[in-house]
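Got chain D sorted already, so can you dock chain P onto it with the hints?
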Amino acid sequence: MTKGSNSTNGYKVIGTRPIRHDGYDKVTGKALYGADFSISGLLFGKILRSPHAHAKILSIDTSAVENMDGVKAIVTSQDLPQTNWTKEKDAIMAKTKVLYKGHPIAGVAAINHHIAEEALKLINVEYEILPAILTAPEGLDPSSPLIDETKKNNISNHVKHELGNIKKGFEKSDVIVERTFDTATVHQGYIEPHNATVDWNSSVQDEKVNIWVSTQSSFDIRGRTAEILHLDPSKIKTTPMEIGGGFGAKFDPYACPVAALLSKKTGKPVKIVHTRKEEFESTGPTPGSNIKIKIGATKEGKILAAEATLAYEDGAFPGGVVSAGALCAFATYDIENVLINGYDVLVNKPSTSAYRAPGATNSNVGTETVIDEIAEKLEMDPIEFRLINASKEGVRRADGPKHPSIGVIEVLNAMKKHPHYNEPLPEATDINRGVAIGFWMNGAGPSSINLSVHPDGRINLIEGSTDIGGSRASIAMMVAEVLGIKAEDVTPSVVDTDKIGYTSGTGGSSVTYKAGVAGHIAATNLKKSLIERAASIWGVSPKTVSMENGILFSTKDKSLSISLKNLAKDLNDTGGPIISNGATNPSGAAPSISGHIIDVKVDKETGKIDIVKCTIFQDVGKAIHPDYVEGQMQGGTVQGIGWALNEEYFYNNDSYEMANPTFLDYRMPLALDLPMINTEIIEVPNPAHPFGVRGVGEASITSPPAAIANAIYRITGIRVNQLPIKPSLLMESIKK
Amino acid sequence: MKWIDYASPNSIKEAVALLSNKNTVARAMAGGTDLIVQLRAAPERIGNPDVVVDIKNIPELNEINLDSKGLTLGSAVPMYKIYNNESITASYPALQDSTSLVGGIQIQGRASVGGNLCNSAPSGDTIPTLIALNATCKVDGPNGSRDLKVEDFCTGPGKSVLENGEILISIHIPAPSKGSGSSYLRFIPRNEMDIAVVGVGTSISLDGDIVKSVKVALASVGPTPILVSDAEKIIGKSIEDEDTLKIAGEAAKNAATPITDMRGTIEFRKHLCDVLTRRTLKIATERARGN
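Protein chains in written order, with my numbering: chain D, 6 to 741; chain P, 2 to 292.
For reference, chain D alone in the conformation it holds in the complex:
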């Protein structure tokens, strides 16, 4: 175990490390994931996908399949509601054009998945192949084909942020560094593929579409599926199954509308589970990008001007992440003159999705390596240089808002005085150290929590936030803290969309923040009701009754005291059950700052890169359950390392087909590729949360690539301009 913060600051539950409530089911294999779900009469669906990256659909002939043994239904775009055709519908099943290799065209339901698979081969689609593009710079080239012919160019979104006067800022600068970077498309790489089981109950009295799915947002699945199928969302019930990772990629409904249509046609439930190849080729990668960063500073080390031009792949449909990349590009620094231009560019790849601090890692690798280079030119310590320019509360971000409470200085100071930063490097010349910091603003959103009292005095907690990072435990702990009981005495569960008020998705590191606020309200209300009940039993004023450590007692009369456990038994006879809820849409999420110190080893004869030692520092506001906070810090770091070193969508020359859609060749880091990721929790409380929470899930991924690139420079003298920094590329540079 890493040594982490275990500070409880007077708290009894918060800051401790209880066993997670969902742990037993998970380690014993009892937890039910989407692919485990079964129901009587189940059919199995498969999706036919485009073999071409860009093509007109001339015809689709399903006649060979219609009477095939075991096949129960076939659907195409014709089965989607035809009025008000939208891009969202086109993403579910293409109507006139396919926009990427893997674009869905038709769905088949059969008595087993083998037959469904065979049936796909017999559907005959005629295409007229169109020229395709794969990267943002290609998409920006005016001579490139248009992905959306109704538009003038392939730019689907342009953001521009400006502060001060960029020209003057550079004129006054003593040192200016300008660099360009290309980063490859990468995938979130969660273990569990997307899945959906849908049962369309067409009963006239109560038509209901039941969806069981692995998702980060059951309410998003409900809303977006409803929109595509022209249904009232109230007619859809989404049950979130346990989720085997999401990292931002599990918001889209993907197979849900297809399974729904197949279920409607057959009157039977239909289950679709993606293969890994389908995951890589047809679900949200995060964009490859082209990043230009120019920064100017005085010889005293004050940054005067910073400019970023960011071009991100959007994939086949609008909805890219350059806005966040632009927002985060210089957010950790207080710079007077800033110009940021960001472009989402349509290309013939699957539509991009969020991936842990979506967009921020791309711009960060540019900013943080250029910062390192300026510090070097000024002969300044890279952390000292960052401290001189560090952003603080009240500083205006280039995109407009002023920073709320923010821990850049605290994180940098912790890095500066940490033994890892100060210990001498090994004598070998092939190992060196790099640093970088990162930013994520964090989100919030509506959240609902219901509480009730079990007969044994434990508290039942019902929530709508699907749990991808230990949030059942952390919300239970916050409720337990308010009530003065143990975390184990709160039993949390995540329920379907009919059983809880609206709750926004598990993304943007929002859950511990927003559900914490809702849970705090609910627990405070519950405590009040319990106190009132005890007071009414004793015939005293509630003002004279208190509750601590699970005991209700009179502050005036020592003889009046009852444990929550005993009170719970008698609730029905003393006035009826006690429940409470908390529903809120809180503002006040505050940013999290990450910092990495990474020691890297380069084999100068082969270009092979190994991570020797790694410490992550992160301002988390308040760590509710430090194990899971550290888990987030470590997980994000590992994904950042993978992004830096080997992960990429690889295309052979003149091919528009991803060459490596398997975990064998899409090279994520494995256990032997990683040292222990040491964690240092920094706690600068967020004043807008009852316990000071900041979201912790994302900043951690942003800074490893730059820290690694900065270390590689110190070993080889090469300024990396490309991700991944694969051995063959590094070797080429070393040889030059």
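Please keep in mind that the hints were generated in silico from the structure rather than gathered at the bench.
Keep in mind it's a predicted model, so treat the numbers as computed, not measured.
Do not take every clue at face value.
Pulled a few chain D residues facing chain P out of the computed Cβ check, cut under 10 Å [what the hints assert, rightly or not]:
no., residue
1, E123
2, D608
3, G612
4, F655
5, N665
6, L669
7, R672
8, P674
9, P729
For each residue, glycine too, the CB sits at the ideal point set by N, CA and C.
Frame of chain D; chain P shown alone:
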């Protein structure tokens, strides 16, 4: 959807009969770590078999025999039984190198050296080692048995000299001569569970510092594993001489005929042939000297 039959014969004769049945397409299976993946992902690439013949219940194919003449490995012997056998690893350290880095622990529990050879992937990690160690193999089939050198076994990616109905029985590696050592190194950008960008297997025998014999073989740089014949140019030279290593490295580089793909470029792979050849020669030399 195609149904596939499973057969589990107890004798070579029975296996050969199943494999040479003209009414079916049969494939032999040892550990199944390649075959089952292929059956699921691309059965057409292995001839759409309708019978899988599991050879693990044939006693002769599970035998390990180590004597003064050398090592005989049944074709179904799983890799873990090799690297866990100290008598084998002491005599054939390159075989330990190779078998302990194929896949992960679970794979090594089932996969066999014989299967690795029959799969005939250009990247097979045990094949350069077998070639460097002068291994031969014994094949049986409807027309009787025959012996051939491992370096002549693979004929293309996934293709071998095995005729219809033939089965690999065993692999024989001659006893190492005095003052000899061997080594296998693989380059992958990660540290486990990956396919060789380049693999190099080397054996050397020395008289003092003088190279008496040497054999270098390469993986992943051509349609089949490649024997670097020109490495023999260093016979008679001192292994302590940097030039000697350079000559061998250069020979490996020249023998390689790689392609550019997602795992590496032509230039990078040729460069790695040179680096890994020099490194394996150094390791093999140290082992020859008993260090």
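Hints versus structure:
1. E123: holds (5 Å)
2. D608: With a minimum Cβ separation of about 9 Å from chain P (threshold 10 Å), the hint on D:D608 holds.
3. G612: holds (8 Å)
4. F655: holds (4 Å)
5. N665: holds (5 Å)
6. L669: holds (7 Å)
7. R672: holds (6 Å)
8. P674: holds (7 Å)
9. P729: holds (9 Å)
In terms of the numbered hints stated before, the structure departs from none.
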